[in-house]
Amino acid sequence: MNDQPAALPETSVKATLPASAYMNSPDRGAPPPAASQPKPAIDARNVNIFYGQKHAVIDVTLGIPTKSVTAIIGPSGCGKSTFLRCLNRLHELIPGSRMNGTILLNGDDLYAPTVDPTVVRRRVGMVFQKSNPFPTMSIADNVTVGLRLNGVRDRAFLRERTEDALRKAALWDEVKNDLGKPGISLSGGQQQRLCIARAVAVQPEVLLMDEPTSALDPIATVKVEELMNELKRNFTIVIVTHSMQQATRVADQTAFFYLGRLVEYAPTRELFNNPKQKQTEAYITGRFG
Amino acid sequence: MSAPSASKSYPGQVSEGLRRWRKGKSALVTFLCCICAVIVVTPLALVFGYLVFKGAGSLNWDFFTKLPAPVGEVGGGIVHAIVGSMILVTLAALIGVPVGVLGALYLTEYSGPRFASCVRLGADILNGVPSIVWGIVAYAILVLPHGSPFSVGHFSAIAGAIALAFIMIPLILRTTEEVLLLVPNGYREAALALGIARWKISARIVAKTALRGILTGVLLAVARVAGETAPLLFTALGNSGWSQSLKEPIAALPLQIFTYAISPYDDWHRQAWAAALVLLLFVLGLNVSLRFFTRERVSAQPKADSDKPTAADAVVATVATRGAAVQVQ
Ligand SMILES: Nc1ncnc2c1ncn2[C@@H]1O[C@H](COP(=O)(O)OP(=O)(O)O)[C@@H](O)[C@H]1O
Ligand SMILES: [Mg+2]
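For the record, the sequence lines run as chains W and R. With the numbering used here applied, the first sequence has no gaps in its numbers, which climb one by one up to 1457 at the end. With the numbering used here applied, the second sequence has no gaps in its numbers, which climb one by one up to 586 at the end.
Honestly, I wouldn't trust all of these hints.
In silico EDC-like cross-links for lysine to aspartate or glutamate, where the CA-CA straight-line distance does not exceed 20 Å [stated by the list, open to error]:
1) R/K465 with W/D1309
2) R/K457 with W/E1394
3) W/K1298 with W/E1438
4) R/K457 with W/D1309
For each label pair, taking beta carbons as the anchor points, the in silico distance ranges come out as [unchecked claim]:
5) W/T1282 with R/H411: 52 to 60 Å
6) W/D1346 with R/P268: 51 to 59 Å
7) W/D1276 with R/V390: 43 to 51 Å
To be clear, the hints were calculated from the coordinates, so they are not data collected in a lab. We put the CB at the ideal spot given by N, CA and C, even for glycine.
In isolation and in its complexed conformation, chain R is listed as follows (with noise of 0.2 Å):
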């Protein structure tokens, strides 16, 4: 068989003028587009590029395991600020998940569409609640003296940790619900044939299916947290050393960074650029951790002699990709 000849004119043929206009006009859209991409990106590179060239030369051991050294000597660390940072995340982390994930499990597996869908604006709603406002609201309801009947009366851990939390609880029961929908009811039902109760099928099928995008969406609330520096100021105040408990202020890595960035040392300036360093990497490394275990699942590939299995094991994937999905909105 012989190939139709290239000059042949057939229906809907164009001249060589219009076809070059075309051709032309659609790849200068592509390249707007890949530009407009390239600029997404742009500000990662750029901060992360910014950070390490002004605050990896200050990064050394005595960083990580140092108390600051005396006003205006050079040297020393902030160990404290880190050890503060990962004690107010892992309390508001204790506090926030349960609420967060048993909220949601209520709202998909129990209760009615009106409540859930009032729950969830609701929800939405605190998600779009600047941090300074949780501050304040935190700082009058558990710092000031006779502020309330939970009122520490004066900065504290323990008045830091609860502001984080009821800055998670939100976004942690949004995308824990997001994927708890995404689970396929016909899994629902077969466990319900079976006789299971109802929460035992909440808990051991439903959560556990939908287990990947539930950590996600924790992880990525706790990177948000990690960083919160308003709420923070009017509660955890800071320290420049250790604290004893959890009724006292606590030194925590944003903290810390406002402190020194606006003291008048160059030292203290040196060190702020570093802790900002490590606080990317923190966040970094959460991200980067995330993608790790929701690849891994992916390339678990079943036996391909049947579209089921993919499909099914689509779910786990989707439902675990989802959580950072609706992280970003």
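In isolation and in its complexed conformation, chain W is listed as follows (with noise of 0.2 Å):
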């Protein structure tokens, strides 16, 4: 394994920081909205998090560009999920935890008062590191259950909806014949790629990927990755990752964390190849971590 990203495709380089600066390439098939005044999709400002007393994410500001994918590595600990989980306001179910700063999703306030949880749930949507497709539910009623449980009742939207989603996670051809069995009755692989069509089901503008392969075999890995480049036409996409071949496969910028600081953040290529902290280049090098 080589953690060099020098075969790194010159597609997935992006414009250089700051963030703001970023905007769609025209190749990725998204017509860039707005061109003259790229905004980032999600602008997160000062974010600190803390665990009763402890102080998980310290002073975080980060803007994640609209429609690519956006990387956060770090050694384990240092508060990726966290900071990710933060982005839907999961962490706010801990017990204890506080957050300060201000985090806004295409220009809206996440934190404000009169801002509904679950609201901002439906525009961010998540995908975690073990598949937990629902037990109870086919796979087309685990598809739509973010749909049907927010009250939508025709059928045949909701049957479009299953298909289209399925499609956008590559699961449709593999289920189209069985969608009325049990969504655990699928592989490791195909019950995380129903996950990832469960959330994309919703049509969030935010995709957040928790350590998405990490208990996934190779093969099943790969696919989930080829996805990511696929799902980064209409969505943003942040994901954790531990592995650093990973973030070069992947990421169009990548974040690195440490000791719940952000300390670097740039086009992946320039991440890997040229690191200005040294604290980056300990970590890519695997001296540390």
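Each of the two chains sits in its own frame; use the hints to bring them together as a complex.
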């Protein structure tokens, strides 16, 4: 395995920081919206997160460009998951957790007092490390659960969405004849793609992925990685990964976290080939981690 | 390759005598354990066998369809007690199941850990309260005239049902809570991340995942109160015929058994045995159908090309079987 992303395809390299300067590359199929003033999809400013006394994320400011893949890497316990989960306000469920700072999603303050966290989570979907299709539901029901439990009744619409989401998750051809089977009857990799389809079906703006392939075998991992390249046509993707190779394969830009701080954030190729910070260099050359 | 010869010595080898002694000891302990296991199930076989022996002969169409014959005459049946038991248990379940299940949902899905552990302790204490105590309390509050604002003023079906319901509630609360806690947090998080409202997650995902376990707990609680006698003696009292309203005393199988057993008539003794057999068959039937429920799920094996489906499936199965385990404690 080679950590040097020398063979990184040129196309995955985006503009340079600051993040607000990123825009869509037309060759990705997505027209750059308002190319004159490219805004990041997520704009996190001075984010601090605490678990009781523990200061887990320290003053992180990070802009995540729209319709691209952003990787967060760093040694375990450095606050990657914590930061990711504050982007959809999922960390709030942990008693004693506190957050301050600002997070804007396409300009809307996610933590404004009038904002309902449920609505935030409809706009920012999430895929977890351990695939978790609902065991009581069929494949189709798993895909549409986010819609159905939010009041969508129209059968034709749900069917349409099921196919659309499963196609986006590159699962349709494998399951189109088994839509009524239990979601948990699929293999591990298929289950994870089912979870991606489930998240995609509610058409969020952002898709968060917390080590989505760390429980998968290499072949399933490749499928999910290829999928991310497809998904970024439609979604902004933030992925936490402990694998630097994965970051070089899928991410347009990469953020390196260490001890709760954002140490360095740059286009992936630049971060790996030419790290500006000593800590980054030490981490990517395997001197700690 | 040749197999190592049996006589070849190796480290840790022991003499023939010592080996025999150890083997003998092991066999003895195994045998004792086996005896104990047999002792556990022997009473069931004895009770069941004896009830069949004494009661099966009296089970006939009349027994299930007729009211008791006039005192002293032979024949008649206990249809009123069977129906009465059904009414009492159904009413008790209508009160007890929602309270127990919703209470457990609150504890696992909403409340803080301190409140939950207080309620848990309370429920455990209530589960240990002898049923005669429930009977006296229900009598004082629901039966005695002017006992309380809720008092009916006399013995009644409704008082009996409420007494049974209060025995069911802590049982159901604890079994339901246990199986809800077995539902992995990942499902809750996944549902939250889809922007689903919390109460919908509780009802449509968490409770549904644990449904078999919840049902198990409910049915075991039903089986338990179906045989309760003491609380009914103080509340429903019993009735030798049909009751016209829920505010009147009502017959029930355990009460009928009690009345008939202490009577001086041979024919009533016979019918008491038969009624006891019916009650046992009912409880047995509930338990067996429960096993059926849970087993059906376990054998619905998914594709085996990954260890995950079985793990996730096992959750549903464990959740279901745990209900039974908890109850037995
Ligand atoms: N529920 C929690 N309660 C208290 N501390 C936590 C909790 N979750 C995480 N932490 C702490 O916060 C820090 C960051 O954790 P996390 O974001 O999970 O790290 P990573 O995902 O980078 O491995 C760790 O030091 C961890 O111990
Ligand atoms: Mg993590």
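Outcome of the hint check:
no.	hint	in the structure
1	R/K465 with W/D1309	holds, 14 Å
2	R/K457 with W/E1394	violated, 34 Å
3	W/K1298 with W/E1438	violated, 31 Å
4	R/K457 with W/D1309	holds, 15 Å
5	W/T1282 with R/H411: 52 to 60 Å	holds, 57 Å
6	W/D1346 with R/P268: 51 to 59 Å	holds, 57 Å
7	W/D1276 with R/V390: 43 to 51 Å	violated, 59 Å
Going through the hint list in order, the structure does not satisfy hints 2, 3, 7.
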